[in-house]
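> So the chains spell out like this:
There are 2 protein chains.
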Amino acid sequence: MIIQKTENSRISTFDPNNFSFGGTFIDHMIICEYENGKWGDVKLVPYGPIPFTPAMMGVNYGQACFEGMKAYKDKDGQVFLFRPEKNFERINKSAKRLAMPEVTEEMFLDGLKALVDIDRDWIPQGEGMSLYIRPLIFATEEALKARVSEKYMFAIVATPAKSYYSEPVSVKISDHYSRAANGGVGSAKAAGNYAASFYPTQLAIEEGYEQIIWTDDATHEYFEESGTMNVFVRINDTIYTPPTSEKILDGVTRDSFLQLAKKRGIEVKVEPIPVKTVIEAQKNGTLKEVWGVGTAVVTTVFQALGYQGEKLALPKLSDADSYAATLKKDLVDLQNNLSEDPFGWRVVVDHALETV
Amino acid sequence: MIIQKTENSRISTFDPNNFSFGGTFIDHMIICEYENGKWGDVKLVPYGPIPFTPAMMGVNYGQACFEGMKAYKDKDGQVFLFRPEKNFERINKSAKRLAMPEVTEEMFLDGLKALVDIDRDWIPQGEGMSLYIRPLIFATEEALKARVSEKYMFAIVATPAKSYYSEPVSVKISDHYSRAANGGVGSAKAAGNYAASFYPTQLAIEEGYEQIIWTDDATHEYFEESGTMNVFVRINDTIYTPPTSEKILDGVTRDSFLQLAKKRGIEVKVEPIPVKTVIEAQKNGTLKEVWGVGTAVVTTVFQALGYQGEKLALPKLSDADSYAATLKKDLVDLQNNLSEDPFGWRVVVDHALETV
Ligand SMILES: Cc1ncc(COP(=O)(O)O)c(C=O)c1O
Ligand SMILES: Cc1ncc(COP(=O)(O)O)c(C=O)c1O
Chain A
5 MIIQKTENSR ISTFDPNNFS FGGTFIDHMI ICEYENGKWG DVKLVPYGPI PFTPAMMGVN
65 YGQACFEGMK AYKDKDGQVF LFRPEKNFER INKSAKRLAM PEVTEEMFLD GLKALVDIDR
125 DWIPQGEGMS LYIRPLIFAT EEALKARVSE KYMFAIVATP AKSYYSEPVS VKISDHYSRA
185 ANGGVGSAKA AGNYAASFYP TQLAIEEGYE QIIWTDDATH EYFEESGTMN VFVRINDTIY
245 TPPTSEKILD GVTRDSFLQL AKKRGIEVKV EPIPVKTVIE AQKNGTLKEV WGVGTAVVTT
305 VFQALGYQGE KLALPKLSDA DSYAATLKKD LVDLQNNLSE DPFGWRVVVD HALETV
Chain B
5 MIIQKTENSR ISTFDPNNFS FGGTFIDHMI ICEYENGKWG DVKLVPYGPI PFTPAMMGVN
65 YGQACFEGMK AYKDKDGQVF LFRPEKNFER INKSAKRLAM PEVTEEMFLD GLKALVDIDR
125 DWIPQGEGMS LYIRPLIFAT EEALKARVSE KYMFAIVATP AKSYYSEPVS VKISDHYSRA
185 ANGGVGSAKA AGNYAASFYP TQLAIEEGYE QIIWTDDATH EYFEESGTMN VFVRINDTIY
245 TPPTSEKILD GVTRDSFLQL AKKRGIEVKV EPIPVKTVIE AQKNGTLKEV WGVGTAVVTT
305 VFQALGYQGE KLALPKLSDA DSYAATLKKD LVDLQNNLSE DPFGWRVVVD HALETV
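Line by line, the protein sequences are chains A and B. Take the first sequence: its letters are residues 5 to 360, numbered as in the working numbering. Take the second sequence: its letters are residues 5 to 360, numbered as in the working numbering.
Pulled out of the complex, with its shape left as it was, chain A reads as follows (with noise of 0.2 Å):
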């Protein structure tokens, strides 16, 4: 790895009280540049920009994918990763849907880890603070042909985040929109997925939702996802969510839920689940609750759901009664070194480049 530490730190202009989340950029960025079939350097350097024309094909046919993942710092001071390899290995995934190259795990973890490492100083620490962590690879070959690149770069880059609560949200269910086909790009992190979604919520957002649950798009009987989360049910004591499909993101966050809720003993049901059986339960009172799980909020409880232009209100349970909040805590607490890692998830980030 080429390492080039930045001379202008902007460390000091960084209020870890006050700072906006996903604007503020730490010191470095790590880039990698794909060309003649092979992967170059890894370069950790100074975060900044990069020309590009407006040819770049990473923005004309959006071959471009990324990863969503945080940085933890305990009490100590100590640096964890959260299952980083999933990650990696979802990362690769994209790529291949996409028709781009795969990262090597060394570019990936080394890279992750040294970037992390460099800018610890950036991680705010305490409840709910975190450093959210970008990697993308996108197509950067400059052609106005819609064909493959030929040119890749592979880059990470990194932002301080705050607290996790969000409040509980409304969301529709929805019946025309769609973030995903059969056959499709959907169990990709793609790019375009993203700005695919932004017209239908804004049209939600119009109808006094802040979300859509999207269903399936030939028939909207079947849950898919919620906004950028995975989805999960309540009924009774069980909690279902669906399978992951060609259409649905395999998500870290899901997949740790699962987890928690099965050490807990509670009941977990991993089935499509039809949206007339949500609203069933909803009117015969069985639906105790619905929430969205992902790496940025870590849980969002709804508190209501859109569904052929009625609002159906979700029960308000104490967080002692809601596993929502039950299974939310138990991964807080292990992403934060407060409890035991059972699973083995943390990945400590080691102090390597101080004598840079």
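All the given hints hold, so there is nothing to weed out.
The list treats identical chains as one, so a pair stands whether inside a single copy or across any two.
Derived lysine to aspartate or glutamate pairs resembling DMTMM-like cross-links, with alpha carbons at most 25 Å apart:
| no. | residue 1 | residue 2 |
| --- | --- | --- |
| 1 | K42 | E210 |
| 2 | K149 | E171 |
| 3 | K149 | D254 |
| 4 | K149 | E93 |
| 5 | K149 | E250 |
Hints listed in this document are in silico derivations from the structure and should not be mistaken for laboratory results. Because the structure is a prediction, the values reported are computed rather than measured.
Assemble the complex: chain A is given as a structure, and chain B with the ligands must be docked to it using the hints.
Quick look at chain B with the ligands alone, frame taken from chain A:
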């Protein structure tokens, strides 16, 4: 419009008889930036790089759409655009579906004309020659949050383009992969649609085909498009093409073919095309032609259809007998000012920038 002419024209290095389509860029480009809720000045500047970090939202979330259109030079050196108002309407349709700001007619058409005017020497003249023009809009804000961007760039870049001629190809009728979902972005020229099609196309190529005929994602029983072209089928002496929809791009070439066919008195039916009907027609000998249409090559004729492991041959028609070849010639002649233009499709690009 702000005009900044290049001081280092590359035109002397351009050989109109030997250049790579898509990778050769004309001297200038148009750019215009959107910020604080409005578009700034349109600028005509030297083609070249613009600095972006890997956190650029256009790359991360695929919030980007584009157009593809051409300028033609007739034997007297007069330069024409072809139905540019159709591309103007379509880029805004795409922008809306991707929650991006629409561009004004002035930005789009004046930008287009100024660029083509100033770089008219880059337009190769002769059969099949043209300038391929790429207007695009993409999100430029740097932020690691999957939400609508607050900054955009509208740009127009262009590359000289060569012969329309394309060999007859074999196409696979898709039975698994798809390019569009119900309630998705198939009718937009959304960047992400193209990346999504690369991998399925590679698989089809490995099976001995050149392209895919996309079918509906739920049942694969209906034709949608072929590659990045709209598709036409001729059974006996009637031509069929699917109606445009949420899943099918409203192609300018498709529309032009429909009008040219009507003018010739060819029977045209715009209706869903069942795969079964096409296969049956192939078996009973009534299937005469299947072809794709689009700005890039005008027409690609198919010589065989792959379906359920079989390669079904299509007849080889003479140009005189082929509707595809006849309509292509009608269109190309009109575009190149070799025939009358009863539709008012040609738009002359005046010499306006010579005094600059
Ligand atoms: C579409 C979509 N679904 C689900 C998730 C949740 O995945 P993870 O738990 O790995 O963050 C994400 C990413 O955050 C996503 O983009
Ligand atoms: C998906 C798709 N379908 C069809 C077409 C044909 O459209 P047009 O005739 O406007 O070039 C294009 C663009 O070339 C396309 O990208």
